[in-house]
Amino acid sequence: MDRELDAELRRLFADERLDLPVRADAEVVIVAGARRVRRRRRLTATAGVLMVAVLVGSGIAVAANGHRESLPPAEPTTTTTTTTTTGTTRAPTRETVPSREEPPEQTVDPPPPLTDATLTRSGYGPFGLGTSTDDALATRLLTLLAPGGNCARYTISGGGEVVLSDRFGVVEVTVPERVRTPEGLGAGSTVGEVRAAYPWAWDHRDGLSAEVTEGADARYQFVTVEVVPPAGEPVPETHVVGRLALVSHANDCALAL
Amino acid sequence: MRREDEFAEFVRDALPGLLRYGHLLTGNPHDAADLVQTALERVGARWSSVVRRTGDPVAYTRRAMANSHVSRWRRVRRESLVAEPPEVGSAVDRDRFEDEPLWAALRDLPPRQRAVVVLRYYEDLSEAEIADALGVSRGTVKSQASKAMATLRTRLGSTVREGGR
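As given, the protein sequences belong to chains A and B, one line each in that order.
Position one of the first sequence corresponds to residue 1 (the working numbering), numbered consecutively onward.
Position one of the second sequence corresponds to residue 1001 (the working numbering), numbered consecutively onward.
With the rest of the complex left out, here is chain A (with noise of 0.2 Å):
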């Protein structure tokens, strides 16, 4: 039995069907991440753990972490043209509300910026997850970021990131700072805090994770401004949140972050 469980193992591991498709830029999107953990890494050993957290305050830490984030528009009266076809990153282009008259496609008026205060368990404003590419595409609130092959990302007018499936439709919501969890939980909340009120969290992708409710489909993504220890050490209670993002289980984009 044992020489052929032996042989049934390697017959499994040899099977074609364990391999997972890769996005056509993954290499793209990883050597980013790199990048960022490296700059973090410089910034943690040269400023000290102190100094990030004030940065954190600032928000200065963000903007660190390499993702661009951008607060809602300061003056009420700019407007966001919504941009989905450019191939290269991109910010909404603002422009002042013109006033003279305008050809009527042009007059269309946009949506006003997302100002939601809360990151639900099933999503953010109109972006539940879930939410098909043509309905999030339709709020006219998004701006491509980084297009993939069956994955893209956008930002979010008034702050944040999307990104769409084509098949699971969207699949991760990342915030402005200013959001939090039901729990109250976001930018510049403890790793300790994260933990007290989301007892079932583990240490993941450079920070912590933790699903919504205990065995739910989607997962909360707690980045810490600081780099996560090595394997094996816990990231200490005292690191920040920089980042947070929902993130859905159902799920092909994993490498589009």
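These are computed hints drawn from the structure, not numbers from a lab.
Warning: the hint list may mix true and false statements.
[As the list claims (entries may be wrong)] Some chain A residues well away from chain B (every beta-carbon gap over 12 Å; in silico): (1) 7; (2) 21; (3) 108; (4) 112; (5) 114; (6) 122; (7) 123; (8) 132; (9) 138; (10) 166; (11) 182; (12) 183; (13) 184; (14) 204; (15) 248; (16) 250.
[What the hints assert, rightly or not] Derived DEER-like restraints, expressed as beta-carbon distance ranges: (17) B:1016 - A:10: 37 to 47 Å; (18) A:10 - B:1147: 12 to 22 Å; (19) A:6 - B:1139: 30 to 40 Å; (20) B:1143 - A:115: 54 to 64 Å; (21) B:1046 - A:234: 14 to 24 Å.
Even glycine gets a Cβ: it sits at the ideal position worked out from N, Cα and C.
Chain B: place on chain A using the hints.
Chain B alone, transformed into the frame defined by chain A:
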């Protein structure tokens, strides 16, 4: 920049194999991608030193993945001992190996036992090498392997007796 190009090329070449390996370790595509990406980002952040000191970045990345996966399990172990480990990502891969009794049995093993089996039968590592990769004693490897194989034998045996599922 050249260093980064080198790393990008390494990622392009190694990614399919690493994802497959991650799939074996975690039992589902979503966690596999996360595990691979996390490991590669860290390898890339210190690429020169990994190449210089290990000489084999693929092997190094694989060990890092196995170690990191098992470490994560150590943290959630307290809950797992009471309840069955949650089937993270099961919504994605229902159509994959559902009909493979051995795959189902492997997925149900605790992560450390599964890692030992994968390192033994996929990586062909010796007991000592597995102990080194996972940062545990040889005795632990031996006992985990023996428990894992007993469970798999029982599961497969009952499947055969029931005429398959």
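37 to 47 Å as the expected CB spacing between residue 10 of chain A and residue 1016 of chain B, which holds or is violated: violated (19 Å)
Could you check the hint for me, namely that residue 6 of chain A and residue 1139 of chain B are 30 to 40 Å apart, CB to CB? violated (22 Å)
Just want to verify: residue 182 of chain A was marked as not at the interface with chain B; is every Cβ pair farther apart than 12 Å? At about 20 Å from chain B, residue 182 of chain A clears the 12 Å cut-off, so the statement holds.
Is it the case that residue 184 of chain A keeps its Cβ farther than 12 Å from each residue Cβ in chain B? Holds, because the least Cβ-Cβ distance between residue 184 of chain A and chain B comes to about 23 Å, which exceeds 12 Å.
How does the Cβ-Cβ distance of residue 1046 of chain B and residue 234 of chain A compare with 14 to 24 Å: does it lie in that range? holds (21 Å)
Can you tell me whether the CB distance of residue 10 of chain A to residue 1147 of chain B sits inside 12 to 22 Å? Holds, since residue 10 of chain A and residue 1147 of chain B (Cβ atoms, about 20 Å apart) stay within the stated range.
Verify that the Cβ of residue 204 of chain A lies farther than 12 Å from every Cβ atom of chain B, and report whether the claim holds or is violated. Violated: least Cβ distance 7 Å, not greater than 12 Å.
Find the nearest Cβ of chain B to the Cβ of residue 138 of chain A and say whether that gap is larger than 12 Å. holds (25 Å)
Between residue 1143 of chain B and residue 115 of chain A, does the C-beta distance stay in 54 to 64 Å? 56 Å Cβ-Cβ, so the 54 to 64 Å window holds.
Take a quick look at residue 21 of chain A and tell me if its Cβ sits farther than 12 Å from every Cβ on chain B, holds or violated. Violated, since 8 Å does not exceed 12 Å.
Least C-beta distance between residue 248 of chain A and chain B, which was stated to exceed 12 Å: violated (8 Å)
If we take the beta carbon of residue 166 of chain A, is the closest beta carbon in chain B still more than 12 Å away? Since the minimum Cβ distance to chain B is about 14 Å, residue 166 of chain A lies beyond 12 Å and the statement holds.
Hints 1, 2, 14, 15, 16, 17 and 19 from the earlier list are contradicted by this structure; the remaining hints agree with it.
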